[in-house]
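For the protein sequence lines, the chains are A and B, in the order given.
Per this note's numbering, the very first residue in the first sequence carries number 1; after that it's consecutive.
Per this note's numbering, the very first residue in the second sequence carries number 1; after that it's consecutive.
Hints may contain errors.
One copy or two, either will do: identical chains are not told apart, so a pair holds if it fits within one copy or between any two.
Unchecked claim - In the DSS-like style, the derived pairs of lysine-lysine whose C-alpha atoms are separated by at most 27 angstroms in a straight line are:
no.	residue 1	residue 2
1	Lys335	Lys432
2	Lys181	Lys495
3	Lys593	Lys181
4	Lys432	Lys80
5	Lys186	Lys151
6	Lys326	Lys181
7	Lys181	Lys151
8	Lys31	Lys245
Please keep in mind that the hints were generated in silico from the structure rather than gathered at the bench.
The residues making up each chain are set out below.
There are 2 protein chains.
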Amino acid sequence: MAAGVNRYKTDLREMTFTLVEQFGFNEIAGKAPFEAWGADEAKAVLESTYRFVREVLGPINATADREGCRLENGQVKTPKGFKEAWKALYEAGYKTLSLSPERGGQGAPKMLQVLVEEMLSGSNTAFNMYPGLASGAAELLDHCATPEQKKTYVERMLNGTWAGTMCLTEAQAGSDVGAVKTSARKAADGTYRIQGTKVFISAGEHDLTENIVHLVLARVDGAPAGTRGLSLFIVPKLRVGADGKPGAPNDVACSSIEHKMGINGSATCVLNFGDNDDCRGELVGTVENAGISQMFKMMNGARIAVGLQGVALASAAYQCALEYAKDRKQGASFKQWKDASAPRVPLLEHPDIRRMLLDAKAHTEGMRMLVVKLASHGDKARQLAGSDDEKAAYHRGQVELLTPLVKGYTSEEAPRLTALMLQVFGGAGYVKDHPVEQYCRDAKIFSIYEGTTHIQAMDLVGRKLGQGGGAHLQQFMSDIGGFVDAHRGDATFGKAVETLAGAQEALLQSAMAFMGWSQGEKVHLIPLAANRFLTMMSQLAVGWLLLDAGVRAEGARAKLPEGHPDRAFYEGKRYSALWYARNVLPQIEAQSKMTALEDESPMEISEAAFVAG
Amino acid sequence: MAAGVNRYKTDLREMTFTLVEQFGFNEIAGKAPFEAWGADEAKAVLESTYRFVREVLGPINATADREGCRLENGQVKTPKGFKEAWKALYEAGYKTLSLSPERGGQGAPKMLQVLVEEMLSGSNTAFNMYPGLASGAAELLDHCATPEQKKTYVERMLNGTWAGTMCLTEAQAGSDVGAVKTSARKAADGTYRIQGTKVFISAGEHDLTENIVHLVLARVDGAPAGTRGLSLFIVPKLRVGADGKPGAPNDVACSSIEHKMGINGSATCVLNFGDNDDCRGELVGTVENAGISQMFKMMNGARIAVGLQGVALASAAYQCALEYAKDRKQGASFKQWKDASAPRVPLLEHPDIRRMLLDAKAHTEGMRMLVVKLASHGDKARQLAGSDDEKAAYHRGQVELLTPLVKGYTSEEAPRLTALMLQVFGGAGYVKDHPVEQYCRDAKIFSIYEGTTHIQAMDLVGRKLGQGGGAHLQQFMSDIGGFVDAHRGDATFGKAVETLAGAQEALLQSAMAFMGWSQGEKVHLIPLAANRFLTMMSQLAVGWLLLDAGVRAEGARAKLPEGHPDRAFYEGKRYSALWYARNVLPQIEAQSKMTALEDESPMEISEAAFVAG
C-alpha cells in the first residue's frame, strides 16, 4: 500500500439526489432560519467537502490505522497528519456548517450537515471522532450551560481551539449508566471535587488542541442511586483562568489507551479524575442531578453520528468494491463458462458479484435516505416551531422515532456490508493493499458504542413506540400508508409496493404483540424480540424510502432525452428499490411470524445447560 | 493482555456427545480398518489434545497475531514459539491420528481426527495452517504420486520433517484456476523447468522445517487452455539428493509476504518459480494434464479443513463469551429494571445476552455435527468398500454432497457468530485484552480461500445436486424424511419436526426451480440464487441434526437421576434444537418464496447504473 494516498470515494450525484430531489432541500432552504441556502450552495459545499477529504483526510486514514496512537508520559500522540488535518478542518468551517451565524456558523440545514459528516467519517473514521466529540460536547453546553460557562467554553470548542469529550462509562458501568460511581464533592467556592475512573473515553487525551473539555457524569455525595442521582460536570484538562486562557493542569490523568480491532487513530482512554484529590469540576448549569437528561442532549446527536459512520463506511466499501469489480478481470462470462479460451471479463460481469454489489448499493442508499430523512425532520421542526406547532411536533416525533433505527440498523448493517464488499475483492480484500479490510475493522465498533444495538432496540420498543400515546408510530405508518395508496398501481413498482404493504401489515402485527406482552405475564418476550423488531421496522422504513426514491427517479428519467447521463443514474435507483423489495422486504413477514411463535427458549434454558466448565 | 497465556476453551462433553452418542463412533470403531479404536481411546485422545493445545498452541495465538511473520533475505521468520510447537505437535502424533499404522499413523477414524483438528485450529488458527497444508500435500502425493516419489516425500511430510504447500493462485488466476499461466518445460532428464509467479501461497516459506515441498499447478508447453491443460509438479524448496537429503536450493524465491486482516502468524507468500530458469519440478505421477483432478484430492480435504476452522472459531468465541457472561456483572435483572438499587447481575441473566449465546451455541453445535457427519460418511465408505459397495457408494455420495455445505455455510457463519460473541462483550470485545476480536479477524478469510462461498454454491447446485442422477440429494432428503416420520409426534420436538418438514418441502421447491432454470432461458438465475440455496440447504441439514441430537439427548436424560451433571448438558441440546427450529428453520420457507420471485434485477441493471465515476 502506498502510504498517504487517498482511497476514499463517494458519489455526489447520489447525495444531491437524496438531499434535493427526494427530501426537498429547496423547500426547507431559503426560508428562516436557513435563508442563505439553496441547492446550488449545498452542491458547492458537498463538492468542496469531497475535495477536502480526498486531499486531507483520506490520505491519512490507512497510515493512521497502522501507526495508531501512542501514550507517552501521560500524553497521547495522535498519528501523523492529524494535527494539520484538525487545523485545516476548522479553517474550512465544515464542522460549523449548521451552526447559526451568531455562533460563528453558516446556518445550514442539518440535512446538509449530515452529508458533509458522512464524507468526513467515511474518509477517516478515526480522525473525525475528535472533532465530532468536540462539537457534541459544545452543543450540549450550548443547550444546558450557564451564560458564563457558554462564554468560557462553547465558542472555543466550536472553532477548534479546544476539544471535548463525553465521560460516561466506568469499568463497572457500561450499558448500565446508572451504576456510575465517580463522585463529586461540593467545595466552598461552589466548584466540585471529582473523583473516579472513566474507561473507553474516545478522544480522552490527544495533542490536537491546547485544551480538552471533559463532560463528566458523576454523583454528588448523598445523591440518589441510579441515573436520577447523576450530575454533569465540566472538567477541563487545563484549568481555565479568569482571562479564559488555559493554565495549570487539572487533576486528570490518562493512565492508558486501548489496543483495538480498529479506529486505531482514535485514542480510547482510561481517565483518572482526582487521583490527588484536586480535580476541579463545574456543574453544568445550576441544578444537580440533571446529568442524565443533559447528557442525552449530546447522546442523541452522537447516536445519529454513529449511524452516519455506518452509512459512511458501507458507502466507502461499496465504492471501492465497485471500482475493483470494473477494473479487475477474472474468469470468463458465465455464458461461456465451458469455453476455456473465452476472454476474461471484469468481475462486474459475474452474476454473484452483481448481486453482492446491488445488495450494498441498495442498503447504502436506503440507509443514507433514513439519515437524511431524520435530519430533514429536525430542520422542519426547527423551521415550523412557533408558526405551526402541530406540524413541528410531528417532525420532532419522527426524529425521536427514527433515531434508534438510524443508530441500530446502520451499525449492524455496516459490518455486514463492508464484509460483503471484502468478498467482492476475494483474497485481495483480506490484505491491507486495499482499504476494505480496515473498513470492516473500523465498522465493528458501531453496534457497541453510544448504546449497543439492544439499547437502541429497547429504546424503540420500550419508549418510542408508545411515545405521545403512540402518535409517532401512527404517523410513521400513516405516511407509509399514503405512499402505498398513491403508488399501488405503478407500472414499475406496483408489485413492490404491494410487498411493502404486506410488510407494513406484518410489522403492525408484531407491534401489537409487543403491546400485549407489555400488559401481561410475558414481559420477558419484549427484550427477546426487541432487536428483531428494530431490524424489521428499519427494513420497512428503508424499503419505503427506496421505493419513494425509485418512483421519483422514474419520473425524472422519463423527462430526459436518450443518452442523457442522468438516465443511467435514475435507472440505478429503480433497481435499488426493486432489489430491496424482492430480497429484503419479504423477510419482514417471516420475522413477524417468528415473533408470533413467542419463543422463550433463551429464558427457559438453565444457566448450567449453556455448559462451559 | 498477558502474552503467552492460553485463552482457548472448548467443551469435550459436547465433542464426545457428537462423536459417540450421535454419530455412533462405537459402530465404526473396533472393526477394520479401525480395530484399535473405541470410545475410551477416542476420549483419551480428545483430552490429551485439549491439554496439548492449552499448553502449547493456545499461549502463542495472540502473541503470534501481534508479532506476525517477517521476511528477511528471502526467508520467513515465523512468530515466537512456532518452531517449538511444530516439534511438539509431531512428537505427540496429533497430525497422523487417522493415518494407517503402516504409514506411521494410528489408524483412527476421520470423525475423531476432525475433532482433534478443531482444537488445533481453534486454539491457533494461523499456526495450524502450516501442518495442515503439509498433511494435505502429503495425502495428495500418497494418492497420486509414483512409488519412488512417495518414498522420497510422503513419509517425511507426514512426520513433520518437511512441510508442504498447494500453489494454485496467480495474480490473474484466483477463482479462475483455468487461467493459470505458470509454465513447465520438459527437460532431457525427464524433470521439468517451472516458470511463473504464484500469489497468496499459505505457508509458502517459513523456518519450521528443513525443506518445503511445493505442489505447483502449471501448464506444460503446448498443453490445452483451461483447467484441462494443467499438470501438477513437485517443486521442493531445496533439491533432494539421491540419499533423500535436501541439498542445493531450487530456483524458488519468496519475494514478499502479505499484510493481512488476520491469521497473521500464517505466512501468505508470493513465490517466484524459475526466475533464473533453473526451477526443477517433477511431474506428480506419470501423466501430464491430470493436475486439476489431482489437486482436487487435496482441495476437498482443504475445504473440509476450512469448514473446521469455521466451527473452531465459532466455538472458541462462544466459549469465551459464555465465560465472560457468567463472570461479568452489569445492570440489574430485567425484572427489576425500574429499581436503581437492585443488585447487579451477571450478563448471563439478561435476555438479549442469552439470545445471542443460544444463537451461537445452536449454530456451533449444529455446524460441528455437520462436519462429524461428513467425516463419519467417509469412514463408513472406507469401511464398507468391498463388503457392501452399495452402502459405501451412498456414504461417498453424502461426502460429496455435504462438502460444499461444510465449507460454504460454516465459513459464512463463523464471521457472523464471532462478531455476535464480540457483541456479548460490549466494548471489551473490541479491544485486544480479549481473544474475540482476533477470532473475528481470523475468521473473515474462511469464506474466500479454498474456493469462495460462491464457488461452493455453484459446486452444490451445478454439480452435486445432479450427481449420480440426483441420487445423493434424494438420499439426503430421504434420510430427513425418515427422521420426520419417526419423530413427528414427539412430545417435546413434534412441532419443531413439523417445521423441519415444511422447510424440507420449501427446499425441494427451490431445487425444482433450479432444475427448471437449467433447462430453459433462465440459466443466469442459477448463479444469482446459488448462494441462497447453499444457505437454505445447510440450514435444513443443521436443523435436522440439531433435532436428531435433541431427540437422543432427551432419551438419555430421561434415564438419569435428578442431580446427575449430564442432565443439564442434555437439556442444553433440547434448547439448541428448539431455538434453531423456531428462529432459523422458518427462514427457509421465506427464502424459498424469494427464490420463486426469480429476481433478475442484478442482471438487468446496466453497468453504468451502478455509477461511481
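Taking the hints in turn, this is what the structure says about them:
1. Proximity of Lys335 and Lys432 under a CA criterion of 27 angstroms is satisfied in neither setting, with 33 angstroms inside one chain copy and 47 angstroms between copies.
2. Taking the shortest Cα distances, Lys181 and Lys495 never come within 27 angstroms of each other, neither inside one copy (56 angstroms) nor across copies (49 angstroms).
3. Taking CA atoms no more than 27 angstroms apart as the test, Lys593 paired with Lys181 passes in neither setting, with 43 angstroms inside one copy and 53 angstroms between copies.
4. Taking the shortest Cα distances, Lys432 and Lys80 sit within 27 angstroms of each other both inside one copy (18 angstroms) and across copies (23 angstroms).
5. Taking identical chains as interchangeable, the C-alpha atoms of Lys186 and Lys151 lie at most 27 angstroms apart only when both belong to the same chain, with a minimum of 23 angstroms there against 84 angstroms between chains.
6. For the homomeric pair Lys326 and Lys181, the shortest alpha-carbon distance between copies (23 angstroms) is at most 27 angstroms, but the shortest distance inside one copy (55 angstroms) is not.
7. Taking the shortest alpha-carbon separations for Lys181 and Lys151, neither the intra-copy value of 30 angstroms nor the inter-copy value of 70 angstroms comes in at or below 27 angstroms.
8. Proximity of Lys31 to Lys245 under the C-alpha cut-off of 27 angstroms is found in neither arrangement, the shortest distances being 39 angstroms within a copy and 86 angstroms between copies.
Going down the numbered hints, you'll see the structure goes against 1, 2, 3, 7 and 8, while the others check out.
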